[in-house]
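These protein sequence lines are chains A and B, in that order.
In case it helps, this note's numbering puts the first sequence at residues 1 to 500.
In case it helps, this note's numbering puts the second sequence at residues 1 to 149.
The set of hints was computed from the structure by calculation and includes no laboratory data.
Where hints are given, some of them may not hold.
Said to hold, decoys possible - Simulated crosslink set (PhoX-like; lysine-lysine; CA at most 25 Å straight-line):
id, chain 1, residue 1, chain 2, residue 2
1, B, Lys77, B, Lys107
2, A, Lys448, A, Lys46
3, A, Lys448, A, Lys212
4, A, Lys422, B, Lys15
5, A, Lys108, A, Lys76
6, A, Lys46, A, Lys90
7, B, Lys77, A, Lys46
8, B, Lys107, B, Lys29
9, A, Lys42, B, Lys77
10, B, Lys33, B, Lys15
11, B, Lys107, B, Lys85
12, A, Lys42, B, Lys15
13, B, Lys2, B, Lys29
14, A, Lys42, B, Lys36
15, A, Lys42, B, Lys29
16, B, Lys90, B, Lys107
Claimed, not checked - Pair by pair, the computed Cβ-Cβ distance ranges are:
id, chain 1, residue 1, chain 2, residue 2, range
17, A, Pro432, B, Leu56, 18 to 24 Å
18, B, Asn112, A, Ser94, 49 to 55 Å
19, A, Tyr35, B, Asn112, 25 to 31 Å
20, A, Pro432, B, Asp63, 37 to 43 Å
21, A, Gly271, B, Asn112, 46 to 52 Å
22, B, Glu124, A, Gln69, 42 to 48 Å
23, B, Asn112, A, Gln69, 42 to 48 Å
24, B, Arg27, A, Asn468, 56 to 62 Å
25, A, Leu98, B, Arg113, 53 to 59 Å
26, A, Leu72, B, Ser28, 36 to 42 Å
27, B, Arg27, A, Thr81, 51 to 57 Å
28, A, Ala92, B, Asp30, 47 to 53 Å
29, A, Lys46, B, Glu47, 24 to 30 Å
30, B, Leu56, A, Trp80, 53 to 59 Å
Remember, it's a predicted structure, so these values are computed and weren't measured experimentally.
For glycine and all other residues, C-beta sits at the position ideal for the given N, C-alpha and C.
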Amino acid sequence: MSLSLKNPEFLIERNYDRCINCQVCERQCANDSHYYDEEMDKMLSKDENCVNCQRCVTLCPANALSIRQYPLEYRKNSNWTGEMINNIYKQAESGGVLLTGMGNPTPKKIYWDHILLNASQVTNPSIDPLREPMELKTFLGRKPGKLEFDENGNPFPLPPQLELDTPIMFSAMSFGSISINACRSLARAATASGIMYNTGEGGLHQDLYQYKENTIVQVASGRFGVHQEYLEAGAAIEIKIGQGAKPGIGGHLPGEKVGDEVSRTRMIPLGTDALSPAPHHDIYSIEDLRQLIYALKEATDYTKPVSVKISAVHNVAAIATGIATAGADIISIDGYRGGTGAAPTLIRDNVGIPIELALAAVDERLRREGLRDQVSLVIGGTIRNSADIVKAIALGADTVYIASAALIAMGCHMCQKCYTGKCNWGIATQQPDLVKRLNPEIGEERLKNLIRGWSLEIKEMLGGMGINAIESLRGNRLMLRGIDLNERELAVLGIKHAGE
Amino acid sequence: MKKVFAREEYCLGCKLCEVYCVTSHSRSKDVVKAHKSEEITPAVIIESGENLSFALQCRHCDDAPCVRACITGAMQKDPETGIVKYDENKCVGCWTCIMTCPYGAVKRDEYNRNIISKCDLCSETGEPACAANCPNNALVYKEQEEEGE
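Just chain A, with the same shape it has in the complex (with noise of 0.2 Å):
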């Protein structure tokens, strides 16, 4: 096929007038979009290669770069989008299944921004976080119905349980889909603030062992790097069952991205595709799954609490039901919205439900069959500011997990080609010259600025409600209200509408 019926996606607009030949745009551009031409003495741009991911505009001394939509246009039709008519024609040309990465960017309804939050006025004092004490401490584990005493007065000791500084922890992301910086960044600035990052499945590098009391592992259905001396090394251990992007797909590293350090870390010979299976194979039922968590357990000698992590499907209610039944000490849920390195498009685009209506559904039936203090409840996909956080947590959840909005504090520009492996930002690649651009000091600083830039606004608004503590919002309903909401929806996230 020699002519090839793609049109470019982005346009590089070059202001000559301030572009100073400098070629640091070419230098940083892994797709090749920008070179020098001699004989014009002119830098000059390949409008195809360009991805959007804005390295060049951002390192442009001379700010000559912006980046824009093409403009070229479709006949106007609502059906057959622009989008549609550029898929058919790239897979008439693969053959192959579409590809991309983070999460689902589709207009379909954000109920996080149909939620509005409470305020204390006159009959209730608001509290200002500034003068006066507010907790933002969690602890994720079972919880026991009452406390229990030995013969000497002395209480048991609880069910082991991870102890966040504040309800935020870093989702599963593993080394291989993103870069050795990019985990050395989530590991620091979640020990130095106090929270969890959590490994996803790609083992755990020797270099990151020395974070273990930040660290949750996870073991998922490719058993990627798990040995006993990894599961020993997390505050707690995560079995993944799905992931919001791809409920019911399985994972593939290609065998390009398993360089030494990630077959090393994987225990996968080098050189070779990472597959993880759709399912676990040993587990098909609820009863299996029980076979894990406590083989896991007994491994760690009930040491740590164990979580399992699964994607907001339409029956969740009743998955969680079964999980915190199996033995499971947190639940954690990943709405149909949450990242990806790496997953088919139209996966990504239409499996799964929104994470604020799984997150009501699941708390509601916990507490129903009164198994919520047996559970701690972990939701993400997507959180993308303080707000979302203190909405999910007057829906029910414990604490959130944040990923995308973590990667974005790195320096990631959302332009979903984390599967090409040639992140620009050094982030979602393993070419080592790619590798060194997120210097993990910066990506530690810039993290550790979000997470306490977003616990100073949840303290604010938990101060604005007359709150004092972060415990005393978990499934507080009555802070919430919805708008543009129909009967069914405020049903199911269990809340009044604005007015009643």
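Using the hints provided, position chain B relative to the given structure of chain A.
Then chain B, alone, in the frame of chain A:
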């Protein structure tokens, strides 16, 4: 004394340090004008090989060979700041300093004038522009004692 240290593990080889070096030594101090209407040779040297790069500039040696070698006294070590300074009005372009510099940190002028270009730690503005503007903190301006070169 404070010097600029390179951390090659974080150097992107983007050469922004060159751009800001030129700007810092320009009359206008404006990135665009400095490059479009002035002729300034950057004093940083970017060494790069396969997936390795770092920016090198004058080490401001205690017993600087270039100062000893300079036949006109254009190259002088400032006894107070420790900066090895260069006076282009006294320079005759004999290039002896270039030959004696053990680091290769002295360059000929790129616009064919009989002068050289070398780092003065931006003594005019006070803070080396290469380190201040490095996007990945691969250049740091700090006391030598903290860490070896």
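Do the hints match the structure? See the list:
1. For the proposed pair Lys77(B) and Lys107(B), the alpha carbon gap of about 18 Å is at most 25 Å, so the pair holds.
2. Annotation: proposed proximity of Lys448(A) to Lys46(A) is violated, straight-line Cα distance about 37 Å (limit 25 Å).
3. The suggested pairing of Lys448(A) with Lys212(A) holds, with an alpha-carbon distance near 18 Å, which does not exceed 25 Å.
4. The suggested pairing of Lys422(A) with Lys15(B) holds, with an alpha-carbon distance near 20 Å, which does not exceed 25 Å.
5. Restraint check for Lys108(A) and Lys76(A): satisfied, since their Cα atoms lie roughly 21 Å apart, inside the 25 Å limit.
6. The suggested pairing of Lys46(A) with Lys90(A) holds, with an alpha-carbon distance near 19 Å, which does not exceed 25 Å.
7. Taking the CA atoms of Lys77(B) and Lys46(A), the gap is about 49 Å. The hint is violated against a cut of 25 Å.
8. For a cut-off of 25 Å, the pair hint linking Lys107(B) to Lys29(B) stands: about 22 Å separates their Cα positions.
9. As the CA atoms of Lys42(A) and Lys77(B) are separated by approximately 40 Å, the hinted pair breaks the 25 Å bound.
10. A hinted pair counts as satisfied when its Cα atoms are at most 25 Å apart, and Lys33(B) with Lys15(B) qualifies at roughly 18 Å.
11. For the suggested pair Lys107(B) and Lys85(B), the alpha carbons sit about 14 Å apart, so the restraint of at most 25 Å is met.
12. Straight-line distance between C-alpha atoms of Lys42(A) and Lys15(B) comes to about 18 Å, which keeps the hinted pair within the 25 Å bound.
13. Between Lys2(B) and Lys29(B), the direct Cα distance comes to roughly 23 Å. Compliance with the 25 Å bound is thereby established for this hinted pair.
14. Taking the CA atoms of Lys42(A) and Lys36(B), the gap is about 13 Å. The hint holds against a cut of 25 Å.
15. Distance hint between Lys42(A) and Lys29(B) is fulfilled; the C-alpha atoms sit about 23 Å from each other, no more than 25 Å.
16. Taking the CA atoms of Lys90(B) and Lys107(B), the gap is near 17 Å; set against the 25 Å cutoff, the hint holds.
17. A hinted range of 18 to 24 Å holds for the C-beta pair Pro432(A) and Leu56(B), which are about 21 Å apart.
18. Against the hinted window of 49 to 55 Å, the Cβ-Cβ separation of Asn112(B) and Ser94(A) comes to about 53 Å, which satisfies the hint.
19. Taken as a hint, the range 25 to 31 Å holds for the pair Tyr35(A) and Asn112(B), whose Cβ atoms sit roughly 27 Å apart.
20. Range check, Pro432(A) to Asp63(B): Cβ separation about 38 Å, and the 37 to 43 Å hint holds.
21. At about 51 Å, the beta-carbon gap between Gly271(A) and Asn112(B) stays in the expected band of 46 to 52 Å.
22. A hinted range of 42 to 48 Å for the beta carbons of Glu124(B) and Gln69(A) is consistent with their spacing of about 44 Å.
23. The hinted range of 42 to 48 Å is satisfied by Asn112(B) and Gln69(A), whose Cβ atoms lie roughly 46 Å apart.
24. Our hint of 56 to 62 Å for Arg27(B) and Asn468(A) holds, since their Cβ atoms are close to 59 Å apart.
25. Taking the beta carbon of each, Leu98(A) and Arg113(B) are about 58 Å apart, inside 53 to 59 Å as hinted.
26. Restraint check, Leu72(A) to Ser28(B): a C-beta distance of roughly 40 Å satisfies the suggested window 36 to 42 Å.
27. Restraint check, Arg27(B) to Thr81(A): a C-beta distance of roughly 53 Å satisfies the suggested window 51 to 57 Å.
28. A hinted range of 47 to 53 Å holds for the C-beta pair Ala92(A) and Asp30(B), which are about 50 Å apart.
29. Our hint of 24 to 30 Å for Lys46(A) and Glu47(B) holds, since their Cβ atoms are close to 29 Å apart.
30. Checking the proposed 53 to 59 Å range against Leu56(B) and Trp80(A) shows it holds: the Cβ atoms sit about 57 Å from each other.
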